[in-house]
Amino acid sequence: MDPSRRAPRSAIDPVPKFRQVGFFTPGAPPERSQSGPPDPTHSTPVSDVSQSANSLSPVMIPPPRHLSDNLVIHARPTLASPLRADSLAGGGVSSFGDFFPAPMSPATPASSSYSSRMAAGEGSFFERHGGGGDKGNNAGKVASSFPRGGFDLTAMKKVSGIGGGGGGGSGVGVPASELTTVSVVNDSLAIHEKEKANRGGGSAVEVKDQSTGSKQQKPKTTKAERRALQESQRAAKAAAKAEGNKASGAATSVNAKPAKAAKPTPKVDNAAVAASEKKGGDCPPEKDRKKDVPQPRMQYDDKSRVEKAKRRAVVKQTEARNRVELFRHLPQYEHGSQLPDLESKFFHLDPVHPAVYKVGLQYLSGDICGANARCIAMFQAFQEAIKDYRVPPEKTLVRDLTAKIGSYVSFLNECRPISISMGNAIRFLKSRIAKLPLTLSESEAKVSLQSDIERFISEKIVLANKVIVKHAVTKIRDGDVLLTYGSSSAVEMILLHAHELGKQFRVVVVDSRPKLRGQLLLRRLLEKGLSCEYTHINAVSYIMHEVTRVFLGASSVLSNGTVFSRVGTACVAMVAHAFRVPVIVCCEAYKFHERVQLDSICSNELGDPDIISNVRGREDVKYLDGWANVENLQLLNLIYDATPSDYVSMIVTDYGMVPPTSVPVIVREYGREQVWI
Amino acid sequence: MDFQVVVLAGGVSKKLLPLVSKEIPNALLPVANRPVISYVLELLELSNLKDLIVVVEGEDAALNVGGWISAAYADRLHVEVAAVPEDVGTAGAIRAIAHHLTAKDILVVSGDLVSDVPLGAVAATHRRHDAVVTAMLCSAPVSGPSESGSSGGKDKTKKPGRYNLIGLDPTQQFLLHIATGAEVEKDLRVQKSILRAAGEIEIRADLMDAHLYAFKRSILQEVLDQKGTFHSLKHDVLPYLVRSQLKSEALLNGVAQVEENGTEKIIAQSNQQMLSQILANASERTFHQRYALSPNGTSFRKTHKCCVYIAGSNRYCARLNSIQAYSDINRDVIGEANHLSGYSFSAQNNIIHPSAELGAKTTVGPHCMLGEGSQMGDKCSVKRSVIGRHCRIGANVKVVNSIVMNHVTIGDGCSIQGSVICSNVQLQERAVLKDCQVGAGFVVAAGSECKGEVLAKK
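Going down the list, the protein sequences come from chains A and B. Mind the numbering: the first sequence is residues 1 to 677 in our numbering, read in order. Mind the numbering: the second sequence is residues 1 to 458 in our numbering, read in order.
Warning: the hint list may mix true and false statements.
To be verified - List time: in silico SDA-like cross-link candidates among lysine to any residue, alpha-carbon distance up to 25 Å:
id	chain 1	residue 1	chain 2	residue 2
1	B	Lys-302	A	Leu-526
2	A	Lys-387	B	Asp-130
3	A	Lys-345	B	Glu-200
4	B	Lys-104	A	Gln-383
5	A	Lys-345	B	Asn-48
6	B	Lys-104	A	Lys-503
7	A	Lys-345	B	Asp-130
8	B	Lys-104	A	Glu-384
9	A	Lys-622	B	Asp-130
10	A	Lys-345	B	Glu-372
11	A	Lys-503	B	Met-274
12	A	Lys-345	B	Lys-104
13	A	Lys-387	B	Ser-276
14	B	Lys-104	A	Leu-339
15	A	Lys-387	B	Pro-170
16	A	Lys-470	B	Leu-275
17	B	Lys-104	A	Val-391
18	A	Lys-387	A	Glu-442
19	B	Lys-104	A	Glu-454
20	A	Lys-308	A	Leu-339
21	A	Lys-345	B	Pro-18
22	A	Lys-622	B	Gln-172
23	A	Lys-345	B	Val-88
24	A	Lys-387	B	Gln-172
25	B	Lys-104	A	Leu-526
26	A	Lys-345	B	Leu-275
27	A	Lys-466	B	Leu-275
28	A	Lys-345	B	Gln-277
29	A	Lys-387	B	Lys-104
30	A	Lys-622	B	Thr-171
31	B	Lys-247	A	Glu-527
32	A	Lys-622	B	Pro-170
33	B	Lys-104	A	Lys-308
34	B	Lys-50	A	Asp-341
35	A	Lys-470	B	Gln-277
Said to hold, decoys possible - Distance windows between CB atoms, simulated:
id	chain 1	residue 1	chain 2	residue 2	range
36	B	His-353	A	Pro-340	46 to 54 Å
37	B	Lys-14	A	Glu-527	53 to 61 Å
38	B	His-100	A	Glu-527	41 to 49 Å
39	A	Gln-450	B	Ser-276	53 to 61 Å
40	B	Gly-228	A	Leu-438	50 to 58 Å
These aren't lab readings, by the way, just hints derived from the structure by calculation. Each residue gets a CB set at the ideal place from its N, CA and C atoms; glycine is no exception.
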């Protein structure tokens with residue numbers, strides 16, 4: 001998260017931010033405590049100072065123009081987390097030194113507020129304002145030498161600024177006393193910290209300046225300053241990207257510091273901070289989202305557009321005849337002709353990477369199905385593709401690779417329409433590509449993307465599944481009769497895990513034609529020695545009497561709580577609801593989508609209608625042979641359906657067990673993080 | 001797409017004597033007045049495969065083949081010709097050029113294949129299943145003159161030849177058993193383990209191995225290295241791979257690598273396991289996967305997949321590996337499968353080069369071909385035959401079901417049926433040939449009558 005980029009917005013409207021911040025105040029203390037620990041001895045003084053500081057702050061608010069100008073760059077990196085401080089030792093001390101000025105401030109009416117931001121290990125920012133004009137002047141140089149932490153340059157700038165330097169100078173010797181002042185500052189700012197912490201980043205921002213101060217400072221920015229600001233923001237952006245890649249906070253902090261330090265006017269800083277706090281990460285993601293908003297889906301009953309799309313298509317798509325009227329807007333092709341045609345073009349498709357091509361074939365032939373498997377297969381193919389990717393001359397990686405991935409995706413989409421979860425995954429990958437810092441070399445960028453993909457798979461799918469299993473197992477008691485429908489990887493793992501734990505329960509596997517995926521699940525469960533019952537969906541109302549829990553998988557969960565899943569799920573859930581059996585849906589959070597859908601008509605997928613007209617294993621039964629030529633017959637092979645949230649008792653995700661009404665919260669709170677990861 | 005193509009053009013096959021010689025090796029034998037290898041090259045070009053390695057047995061043959069290819073395909077294909085010693089077999093040929101092979105998969109095509117099967121489909125099947133080897137099967141050719149032949153093959157019993165015995169799984173995707181060559185005549189032995197794993201096995205005798213394989217390079221090279229005695233891909237390597245598919249002998253490098261990666265971290269390993277499980281559960285397991293998990297589900301057995309691609313019945317596919325096949329293919333290329341020849345047929349369904357001269361009352365029937373600059377006397381009749389370039393044919397000559405190559409002189413009143421006459425042959429007056437092969441440069445004396453003989457210079 002880079003506050004820098006939000007800066008302008010904050011400047012526009014600082015007050016509301018503060019309010020929001022205020023709302024969070026209660027949370028602030030914990031952060032402070034963190035900063036406190038390094039020097040427990042000073043704790044008492046801290047409290048005193050804090051009070052004083054609070055009282056002081058209004059006084060300090062109006063910083064004299066000249067000072068700020070001189071100081072141009074006030075931002076000083078401070079170490080937010082004690083650990084950080086400890087590790088840096090000298091550096092940490094220096095940071096405390098910054099605060100020296102605070103006590104001094106009363107003495108010097110013209111105290112310039114400078115804000116230093118720190119991205120600590122947790123990625124927290126502290127903004128501190130210390131006003132120590134005198135000290136700053138004197139000790140500035142010393143301070144410059146001080147910040148060894150890796151922010152020397154930034155420090156230098158600050159030095160020119162005020163008291164920070166001074167603090168540094170004295171800091172080593174008398175850090176403890178000074179520290180107290182720091183804490184005070186923190187108090188006022190604690191609110192911000194807290195908020196940041198809440199956001200999950202554990203970052204804290206302290207804003208000392210008040211709106212009045214910021215206002216005054218605004219007009220002063222000179223052209224040079226503005227340029228500096230711009231540059232600093234750019235740097236911050238780059239740094240932030242780097243942060244994203246590196247989990248370790250230390251690295252981040254180092255990166256982030258310079259950016260902040262570079263900021264010329266305190267007011268801007270404050271404003272920026274405020275903005276960042278207030279809106280949090282919400283604003284930028286919102287923007288991204290706007291970009292990502294899928295174009296209106298292609299309506300396949302619009303003939304002219306279908307023609308155009310066909311011309312572009314790699315996979316030969318013959319429109320099926322006799323489509324059901326209600327679903328004409330969905331693509332439906334004659335499946336028989338697609339595979340051989342695509343196969344024969346094997347060597348003609350140069351732009352498609354072999355790994356991607358293979359996955360496409362597997363989608364088309366049905367070798368891979370299931371949301372997780374498709375997503376994993378796709379990402380693994382992309383990983384291969386990225387590994388073999390070379391940036392063509394005179395192109396930039398970010399743009400070219402994005403286009404490349406786009407073309408792969410459209411190829412896969414032709415093989416089989418991509419699911420919502422895959423859409424989320426693709427969005428993640430594209431945002432990672434877009435956020436690659438320009439400074440990264442080609443090989444570094446590729447490595448970073450590959451590890452991003454790796455992490456997505458392991459965190460969002462594998463780990464998520466483990467967490468889901470852990471949660472859901474608690475809902476299985478001895479003597480339970482569990483019903484599941486189709487074959488969901490999450491549900492399967494839950495059942496197996498519960499069995500390993502020695503719980504005594506029975507499983508009812510409900511299945512439906514034409515895929516009969518339940519049989520696969522059944523076979524695997526039986527191999528592990530679970531006691532099972534197997535039935536088709538026709539008998540679900542009969543079997544539901546004895547069932548105590550229904551576990552269902554999902555292809556996607558929409559933000560109104562609607563569960564989008566294999567066709568038939570809605571029916572099972574409805575029956576369960578009627579019998580007052582709790583319905584538990586197991587779904588990884590990466591499958592959540594902010595879309596709202598009320599029916600299963602407007603967005604769905606049509607399968608091969610021939611499959612439902614044939615009887616598996618009985619090639620001789622062909623009552624519907626040549627149905628395509630019968631004018632008054634239409635076959636419908638729907639893939640998904642939408643289960644209204646009313647029928648769902650609980651959704652188990654990697655963020656815990658939530659009611660369907662809480663889905664929007666997860667989408668809002670973690671959807672963003674998903675993009676950022 | 002990470003495929004390399006190797007065309008095994010062979011050398012001078014004994015089976016095709018006296019038609020072939022050092023000057024005209026197998027690959028250059030004309031089929032409808034085009035060397036047979038051009039059919040393969042065209043097929044490859046059509047599939048957008050333009051980097052080829054052509055392996056020829058024998059230096060002289062290699063020179064000839066290379067010369068012809070460079071002249072004909074100068075700007076169209078990037079072909080490298082490699083000469084290998086004679087009698088190294090197909091496996092030996094691959095061994096000899098092994099160091100040039102770098103791609104992930106290799107497509108091995110026999111140079112005597114005449115087919116219109118989309119190669120991409122074979123490759124795609126190979127990739128889709130991640131197979132070790134994918135073989136293309138086609139329906140076994142019906143040997144003997146075609147049904148339409150009124151005079152020729154009426155009395156002959158037309159039964160499809162038994163080329164291979166092939167065992168397939170119920171989905172017809174995997175190769176479970178293959179018997180080639182002499183084994184075909186022996187008793188059929190099916191491995192119990194494979195039968196048990198697959199549950200069902202379908203044995204077919206009406207399919208032929210077209211000698212078009214996609215191999216995983218690493219595996220192929222490993223097998224060739226380990227089994228020094230293997231001589232032929234078709235008779236040794238393929239059956240070996242099929243036999244050992246359920247007890248793969250450390251052949252799968254891929255799997256080994258995965259394990260190595262996994263050992264770095266236990267967590268990573270368990271994640272990896274879970275991942276592969278999710279993927280594996282996504283589809284119906286093939287019997288390979290089922291078998292790989294031994295009953296208790298703990299230990300993994302190594303397996304590899306041998307896939308097949310069965311060409312559709314509407315595709316033409318034949319191999320020129322016998323004299324019979326040679327005349328069959330010639331007939332088909334200007335007959336049923338005439339889209340292969342690349343010529344445009346006239347309204348009479350035949351091809352007569354504009355520079356050819358026909359005498360009075362001479363008839364050239366459908367499914368015939370008359371090459372550039374050939375002259376025919378009066379009252380001749382040509383049916384279902386190919387006549388090469390610059391031939392001089394006298395009056396009253398009957399050519400039926402035959403192939404006459406270039407620069408052949410045929411005297412008046414000759415009758416040729418079901419024969420192959422090579423270049424520069426001279427047939428003196430009133431010679432009668434039936435089902436004969438006449439070697440290059442041979443002179444058939446006037447008035448001689450031959451039936452089912454091989455005439456060649458000693």
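Evaluation of the provided hints:
1. Lys-302/B / Leu-526/A: 23 Å, holds
2. Lys-387/A / Asp-130/B: Given pair Lys-387/A, Asp-130/B holds - Cα atoms ~19 Å apart, limit 25 Å.
3. Lys-345/A / Glu-200/B: Violated, because 32 Å separates the two Cα atoms, which is more than 25 Å.
4. Lys-104/B / Gln-383/A: Holds: Lys-104/B and Gln-383/A sit about 17 Å apart, inside 25 Å.
5. Lys-345/A / Asn-48/B: The hint holds at about 9 Å.
6. Lys-104/B / Lys-503/A: 48 Å, violated
7. Lys-345/A / Asp-130/B: 18 Å, holds
8. Lys-104/B / Glu-384/A: 13 Å, holds
9. Lys-622/A / Asp-130/B: Violated - the C-alpha atoms of Asp-130/B and Lys-622/A are around 33 Å apart, more than 25 Å.
10. Lys-345/A / Glu-372/B: 36 Å, violated
11. Lys-503/A / Met-274/B: At roughly 22 Å apart (the allowed maximum being 25 Å), Met-274/B and Lys-503/A satisfy the hint.
12. Lys-345/A / Lys-104/B: 19 Å, holds
13. Lys-387/A / Ser-276/B: 20 Å, holds
14. Lys-104/B / Leu-339/A: Holds, at about 23 Å.
15. Lys-387/A / Pro-170/B: 38 Å, violated
16. Lys-470/A / Leu-275/B: Distance ~18 Å between Lys-470/A and Leu-275/B Cα, so the pair holds.
17. Lys-104/B / Val-391/A: The hint holds at about 22 Å.
18. Lys-387/A / Glu-442/A: 11 Å, holds
19. Lys-104/B / Glu-454/A: Given that 25 Å is the threshold and the Cα spacing comes to 23 Å, the pair holds.
20. Lys-308/A / Leu-339/A: Cα-Cα ~21 Å, so holds.
21. Lys-345/A / Pro-18/B: It is violated: about 40 Å lies between the C-alpha atoms, which goes past 25 Å.
22. Lys-622/A / Gln-172/B: Holds, because 21 Å separates the two Cα atoms, which is no more than 25 Å.
23. Lys-345/A / Val-88/B: Violated. Lys-345/A to Val-88/B sits at ~34 Å, over the 25 Å cutoff.
24. Lys-387/A / Gln-172/B: At roughly 35 Å apart (the allowed maximum being 25 Å), Gln-172/B and Lys-387/A break the hint.
25. Lys-104/B / Leu-526/A: 38 Å, violated
26. Lys-345/A / Leu-275/B: The given pair, whose Cα atoms are some 31 Å apart, is violated under the 25 Å limit.
27. Lys-466/A / Leu-275/B: The hint holds at about 12 Å.
28. Lys-345/A / Gln-277/B: 31 Å, violated
29. Lys-387/A / Lys-104/B: Given pair Lys-387/A, Lys-104/B holds - Cα atoms ~15 Å apart, limit 25 Å.
30. Lys-622/A / Thr-171/B: 19 Å, holds
31. Lys-247/B / Glu-527/A: 22 Å, holds
32. Lys-622/A / Pro-170/B: Holds. Lys-622/A to Pro-170/B sits at ~19 Å (cutoff 25 Å).
33. Lys-104/B / Lys-308/A: Since the Cα atoms of Lys-104/B and Lys-308/A sit roughly 36 Å apart, the hinted pair is violated (cutoff 25 Å).
34. Lys-50/B / Asp-341/A: Within the cut-off at roughly 21 Å; holds.
35. Lys-470/A / Gln-277/B: 18 Å, holds
36. His-353/B / Pro-340/A: 46 to 54 Å: At 37 Å between Cβs, range violated.
37. Lys-14/B / Glu-527/A: 53 to 61 Å: Since Lys-14/B and Glu-527/A have Cβ atoms about 55 Å apart, the given range 53 to 61 Å holds.
38. His-100/B / Glu-527/A: 41 to 49 Å: 46 Å, holds
39. Gln-450/A / Ser-276/B: 53 to 61 Å: Since Gln-450/A and Ser-276/B have Cβ atoms about 18 Å apart, the given range 53 to 61 Å is violated.
40. Gly-228/B / Leu-438/A: 50 to 58 Å: For Gly-228/B and Leu-438/A the Cβ distance comes to about 55 Å; the hint holds.
Figure legend: structure checked against the earlier numbered hints; hints not met, in rising order: 3, 6, 9, 10, 15, 21, 23, 24, 25, 26, 28, 33, 36, 39.
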